[in-house]
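Engineer: First to last, the protein sequences are chains A and B.
Going by full-length UniProt numbering, the first sequence opens with residue 1, and the numbers climb by one from there.
Going by full-length UniProt numbering, the second sequence opens with residue 1, and the numbers climb by one from there.
Be careful, since some hints might not be right.
Unchecked claim - So the derived list for chain A, only partly shown, Cβ under 10 angstroms to chain B, looks like this: (1) Q102; (2) M116; (3) L125; (4) H233.
To be verified - Among the chain A residues that face chain B by a calculated CB cut under 7 angstroms, a handful are: (5) L84; (6) D97; (7) K108.
These are calculated hints, taken from the structure and not from any lab test.
Yeah, the Cβ is synthetic: ideal placement off N, Cα and C, and Gly gets one too.
Single-letter residue listing:
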Amino acid sequence: MSFATSPIWPPADPRDRGGPQQPLLMVRGLQKHFAIRNGVLGRVAAHVRAVDGVSFTVHKGETLGIVGESGCGKSTLARLLMRLIVPDAGEQIFDGDAVGVQGGISVKDLRRQAQMVFQDSSSSLNPRMPVQGSVAFGPMAFGMPKADATALARELLTKVGLNPALFGGRYPHELSGGQKQRVNIARALALKPRMVILDEAVSALDKSVEAQVLNLLQVLKRELSLTYVFISHDLGVVRWISDRVMVMYLGEVVEIGPADALYAAPKHPYTQALLASRPSMDPDRRREEAPVSGDPPNPVNPPPGCRFHTRCPHAERVCSARAPVLGDAAAGAHLAACHIQNPASGHSLAGRPVLPALH
Amino acid sequence: MSTTVSNAPPTGNAAMAAPRQRGYWGTVGYRLRYDPVTLFFGAVLLSVILAAVFASWIAPADPYQESIIRRLKGPGYMGHILGTDELGRDMLSRLLYGGRLTLLMGMVPVVIATLIGGGLGVVAGFAGGIVNTLIMRTMDVFYAFPSVLLAVAISGAMGGGVTNGMIALTLVFIPPLCRVAETATTQVRNLDFVDAARATGAPLRLVLWHHVLGNVLGPVLIYASSLISVGIILASGLSFLGLGVKPPEPDWGLMLNALRQAIYVNPLIAALPGIAIFITSVSLNMVSDGLRSAMDVRS
Numbered sequence: 001m002s003f004a005t006s007p008i009w010p011p012a013d014p015r016d017r018g019g020p021q022q023p024l025l026m027v028r029g030l031q032k033h034f035a036i037r038n039g040v041l042g043r044v045a046a047h048v049r050a051v052d053g054v055s056f057t058v059h060k061g062e063t064l065g066i067v068g069e070s071g072c073g074k075s076t077l078a079r080l081l082m083r084l085i086v087p088d089a090g091e092q093i094f095d096g097d098a099v100g101v102q103g104g105i106s107v108k109d110l111r112r113q114a115q116m117v118f119q120d121s122s123s124s125l126n127p128r129m130p131v132q133g134s135v136a137f138g139p140m141a142f143g144m145p146k147a148d149a150t151a152l153a154r155e156l157l158t159k160v161g162l163n164p165a166l167f168g169g170r171y172p173h174e175l176s177g178g179q180k181q182r183v184n185i186a187r188a189l190a191l192k193p194r195m196v197i198l199d200e201a202v203s204a205l206d207k208s209v210e211a212q213v214l215n216l217l218q219v220l221k222r223e224l225s226l227t228y229v230f231i232s233h234d235l236g237v238v239r240w241i242s243d244r245v246m247v248m249y250l251g252e253v254v255e256i257g258p259a260d261a262l263y264a265a266p267k268h269p270y271t272q273a274l275l276a277s278r279p280s281m282d283p284d285r286r287r288e289e290a291p292v293s294g295d296p297p298n299p300v301n302p303p304p305g306c307r308f309h310t311r312c313p314h315a316e317r318v319c320s321a322r323a324p325v326l327g328d329a330a331a332g333a334h335l336a337a338c339h340i341q342n343p344a345s346g347h348s349l350a351g352r353p354v355l356p357a358l359h
Numbered sequence: 001m002s003t004t005v006s007n008a009p010p011t012g013n014a015a016m017a018a019p020r021q022r023g024y025w026g027t028v029g030y031r032l033r034y035d036p037v038t039l040f041f042g043a044v045l046l047s048v049i050l051a052a053v054f055a056s057w058i059a060p061a062d063p064y065q066e067s068i069i070r071r072l073k074g075p076g077y078m079g080h081i082l083g084t085d086e087l088g089r090d091m092l093s094r095l096l097y098g099g100r101l102t103l104l105m106g107m108v109p110v111v112i113a114t115l116i117g118g119g120l121g122v123v124a125g126f127a128g129g130i131v132n133t134l135i136m137r138t139m140d141v142f143y144a145f146p147s148v149l150l151a152v153a154i155s156g157a158m159g160g161g162v163t164n165g166m167i168a169l170t171l172v173f174i175p176p177l178c179r180v181a182e183t184a185t186t187q188v189r190n191l192d193f194v195d196a197a198r199a200t201g202a203p204l205r206l207v208l209w210h211h212v213l214g215n216v217l218g219p220v221l222i223y224a225s226s227l228i229s230v231g232i233i234l235a236s237g238l239s240f241l242g243l244g245v246k247p248p249e250p251d252w253g254l255m256l257n258a259l260r261q262a263i264y265v266n267p268l269i270a271a272l273p274g275i276a277i278f279i280t281s282v283s284l285n286m287v288s289d290g291l292r293s294a295m296d297v298r299s
């Protein structure tokens, strides 16, 4: 068994078609370019390459963490995975079935098995609906009688640690941020999904509440044998919760690998810089200057070659000439899209196993 | 769960734990019941409407019965509780009957325009893109004319009369209602809870019905209820210009016009139709204001 990073196999699920070897989700070359229109006629002036050819695999029962700076395409990716946005290109295979194509599963069937928790806990709940109504909406939409759906909603509220007698009939504005996010989690669980996409689900919460919600997520994952895609910009949280981590930069995957390996020995200079940007607990190792300076380049017109070369400390001519490839990440290996990792690339540091430390 | 709670001793904690199982409209109704101002004006409005509906039973006299010798008499004159108009007809009876046409011309166009304009606005707001452009730019054409002018032009072109007047007012009210619905829908559509509802895989019509309409209905209903008073005044205006109701039919606007010249003879009588319009409009505005705060569950 090569998936050493996925220790918990879910118990038999009748919906599990491919067995444990079949990845729950495979994404190949997913792409979304948003058109920028201007002028009276709405001519397409340019494209924002929000997600530009992203491929990865999520194994059953694991947590895949996705990190990256703001604007790197994390949230667009989450919405693409739920098909809230229609991708321009690429395929998405859920437990062996292609999504939204002839002979595969429909988007509606995908949404029964994959659910999402949104970042903004307040705007993701209908302000004019008691929270148990929001939780019960999904099951009711699939034909569950209202009384049963409400009972299920109240049961789920209990599961996420909210007393339904106290909170069920309340409106979102009567709950705190952490409580609202618990309701959002309960709603995501209402359709008994197999995969939950958590888009910055704890980022807006304060630290103590964040810890509670993270613990809740871990408990729920075990109890309900869930698979998580956990999107965050918080490196510490991602490491804590994830089995594997994927790093995105400007709409592309730059590095993917087991969490421990990736955090211990990052292979991509961007990952290295991200990790170095975490504030140190040790005052003697406090750093004054930022490890990556400036803003990411404009995704409308990304730099040629490697997209990170404008900010990379190891950039050479080859970096702006050719784009490095990530390789096939299906097997759960530790891969980075960097010329340094490819001995045949012509980069002067190519083939060195460990990146030189920054500065 | 609820039985345990209701059996618990009435401590502060248990009172807090009382399960609130009202739906949204239940909550709105509950809040309205504890708003005395809105209740009062609601009662006024209801009595105006009932008086108009049951005018033939309530009215003390025939509203068309003229009398040359009893013209423009003050309230109480020979059994005329509110006096007589310029042709000696009983003012109270005419006001009661006049309420029928006036309220009809004020309310029916708003109701129809809310259905048409609100529907178009929700479609435009939710669909976006080319559909939005088509609908909203068409509405902008109507915006180019002042509403009074537009109403006068339409009913003038179609000829006077109650039906044509109502059609004209409906056309006048569709664009603003469409715009309010479109703005509200566009705001709601971009919020995460609509995406979350879509992400459950629910059919679009259920998402629209439960999550979009509920949040759009509030502003649209409130705006529509405030338009009714505008409608009454516009309808009175049309009648005043001779385009809506034709004499001798009683209508508040028409009565106001006819009694204009009597203002030096008996100002109280001349003011009566205006007072009726005023009471109705104020009640409508107060009720819509109360409705607005009751529907805002966040306050």
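Engineer: For each hint, tell me whether it holds in the structure or not.
Structural biologist: Here's how the hints hold up against the structure:
At its closest, the beta carbon of Q102 of chain A sits 19 angstroms from a beta carbon of chain B; the interface hint therefore is violated under the 10 angstroms criterion. This hint holds: M116 of chain A has a C-beta 5 angstroms from the nearest C-beta of chain B, less than the 10 angstroms allowed. With its C-beta approaching chain B no nearer than about 6 angstroms, L125 of chain A sits inside the 10 angstroms limit, and its interface hint holds. Among the interface hints, the one on H233 of chain A is violated; its C-beta lies about 18 angstroms from the nearest C-beta in chain B, farther than the 10 angstroms criterion.
For L84 of chain A, the shortest C-beta to C-beta distance to chain B is roughly 5 angstroms, which falls under 7 angstroms, so the interface hint holds. For the restraint placing D97 of chain A at the interface with chain B, the shortest Cβ-Cβ distance is roughly 15 angstroms, beyond the 7 angstroms limit, so the hint is violated. Evaluation of the K108 of chain A hint against chain B yields a held restraint, the C-beta minimum of about 4 angstroms falling below 7 angstroms.
Hint compliance for this structure: hints 1, 4, 6 are broken, all remaining hints hold.
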